[in-house]
Amino acid sequence: EVQLLGSGGGLIQPGGSLRLSCTASGFTFSDYAMSWVRQSPGKGLEWVSSISGSGGSTYYADSVKGRFTISRDDSKNTLYVQMIGLRAEDTAVYYCAKDIGYSTFYYFDFWGQGTPVTVSS
Amino acid sequence: QSVLTQPPSASGTPGQRVTISCSGSSSNVGGNTVNWYQQVPGRAPKLFIHTNNQRPSGVPDRFSGSKSGTSASLGISGLQSEDEADYYCAAWDDSLNGWVFGGGTKLTVL
Chain A
7 EVQLLGSGGG LIQPGGSLRL SCTASGFTFS DYAMSWVRQS PGKGLEWVSS
57 ISGSGGSTYY ADSVKGRFTI SRDDSKNTLY VQMIGLRAED TAVYYCAKDI
107 GYSTFYYFDF WGQGTPVTVS S
Chain B
470 QSVLTQPPSA SGTPGQRVTI SCSGSSSNVG GNTVNWYQQV PGRAPKLFIH
520 TNNQRPSGVP DRFSGSKSGT SASLGISGLQ SEDEADYYCA AWDDSLNGWV
570 FGGGTKLTVL
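So the sequences go chain by chain: A and B.
Taking this note's numbering, I'd label the letters of the first sequence as residues 7 to 127.
Taking this note's numbering, I'd label the letters of the second sequence as residues 470 to 579.
Worth flagging that the hints you see were computed from the coordinates, not collected in a lab.
Beta carbons are placed, not taken as given, at the ideal position from N, Cα and C, and that holds for glycine.
Please note that the accuracy of each hint is not assured.
What the hints assert, rightly or not - Partial chain B-side listing against chain A, Cβ under 7 Å, derived: (1) S494; (2) G500; (3) N504; (4) V509; (5) A513; (6) P514; (7) H519; (8) P529; (9) F532; (10) W561; (11) W568; (12) F570; (13) G573.
As the list claims (entries may be wrong) - With a straight-line Cα cutoff of 25 Å, these simulated DSS-like cross-link-like pairs (lysine-lysine) come out: (14) B/K575 / B/K536; (15) A/K49 / B/K575; (16) B/K515 / B/K575; (17) B/K515 / B/K536; (18) A/K71 / A/K49; (19) A/K49 / B/K515.
To be verified - Among chain A residues calculated to face chain B with C-beta under 8 Å, some are: (20) Y38; (21) Y65; (22) W117.
Please construct the entire structure, taking both the sequences and the accompanying hints into account.
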């Protein structure tokens, strides 16, 4: 059974940093591209970042470019997103999602349960 | 403002058929496949239609997807109360080099 378990969220002050993790099980993690998608309170889904199966290609939404860094550790079956310079508008539930592709992105066949991040003083 | 345009709401009575539209451009819907996700409030999204019209196993055949040009649609026939949820379309955007989503459509079963 595929599972994606997110962690690392919480309350952080504006300008602060946070690293979210997503630990995968039930599939060969290194064979698939992964992504982060977020959802602000009462709003729709917003793509944040994606990484290829090799980790060699990364993609970012303009809203987080230069502030967020996606990475993966295949030895730990874990996806990360390092977030710096956090703003109130980054407040959201962050979902990790598995793609069916490796270097090309097709669709998200599994999603994590979501990790809440609140940016507030 | 979402890159893909969906109606904010849709509704129908049990047994009816409803359609949810998703409009984009040549760099996303027009040039790539469209996927649909269902999200029950408080839960993670779930894949419901992929590659324009393919249903993952476990998704009832009452759900269907189609695409023509820069528009796509999700059809739900024989509406049931359990279909109440938010539905999002998504596609890869070649200009933005990333995923784009619709704003979501809240489906209400009256």
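Status of each hint after checking the structure:
Because the closest C-beta pair between B/S494 and chain A is about 16 Å apart, greater than 7 Å, the hint is violated. Below 7 Å, beta-carbon pairs count as interface contacts, and B/G500 has none with chain A, the closest being about 13 Å; its hint is therefore violated. Hint on B/N504 holds. Least Cβ distance to chain A is approximately 4 Å, under the 7 Å limit. With 7 Å as the threshold, the beta carbon of B/V509 stays out of range of chain A, its nearest partner Cβ sitting at about 12 Å, so the hint is violated.
The interface hint given for B/A513 holds, since its Cβ lies 4 Å from the closest Cβ of chain A, which is under the 7 Å cut-off. Hint status for B/P514 relative to chain A: holds, with the closest Cβ pair at about 5 Å, below 7 Å. The interface hint given for B/H519 holds, since its Cβ lies 4 Å from the closest Cβ of chain A, which is under the 7 Å cut-off. At a threshold of 7 Å, the smallest CB-CB gap from B/P529 to chain A is about 18 Å, leaving the interface hint violated.
Because the beta carbon of B/F532 sits about 15 Å from the nearest beta carbon in chain A, more than 7 Å, this interface hint is broken. Restraint check, B/W561 versus chain A: the minimum CB separation of about 5 Å is within 7 Å; hint holds. With a cut of 7 Å, the hint placing B/W568 at the interface with chain A holds, because the nearest CB-to-CB distance is about 4 Å. Below 7 Å, beta-carbon pairs count as interface contacts, and B/F570 has one with chain A at about 5 Å; its hint therefore holds.
Below 7 Å, beta-carbon pairs count as interface contacts, and B/G573 has one with chain A at about 4 Å; its hint therefore holds. For the suggested pair B/K575 and B/K536, the alpha carbons sit about 20 Å apart, so the restraint of at most 25 Å is met. Simply put, A/K49 and B/K575 have alpha-carbon atoms about 11 Å apart, close enough for the 25 Å limit, and the pair holds. Straight-line distance between C-alpha atoms of B/K515 and B/K575 comes to about 15 Å, which keeps the hinted pair within the 25 Å bound.
Proximity of B/K515 to B/K536 is assessed by CA-CA distance (about 20 Å); at most 25 Å being required, the pair is judged to hold. Using a Cα cut-off of 25 Å, the hinted pair A/K71 and A/K49 holds, with the two alpha carbons roughly 21 Å apart. About 17 Å separates the Cα atoms of A/K49 and B/K515, which keeps this hinted pair within 25 Å; it holds. Look at A/Y38: its Cβ only gets to about 14 Å from chain B, farther than 8 Å, so that hint breaks.
For the restraint placing A/Y65 at the interface with chain B, the shortest Cβ-Cβ distance is roughly 5 Å, inside the 8 Å limit, so the hint holds. Checking A/W117 against chain B by beta carbon gives a least distance of about 4 Å; that is within 8 Å, so the hint holds.
Hints 1, 2, 4, 8, 9, 20 from the earlier list are contradicted by this structure; the remaining hints agree with it.
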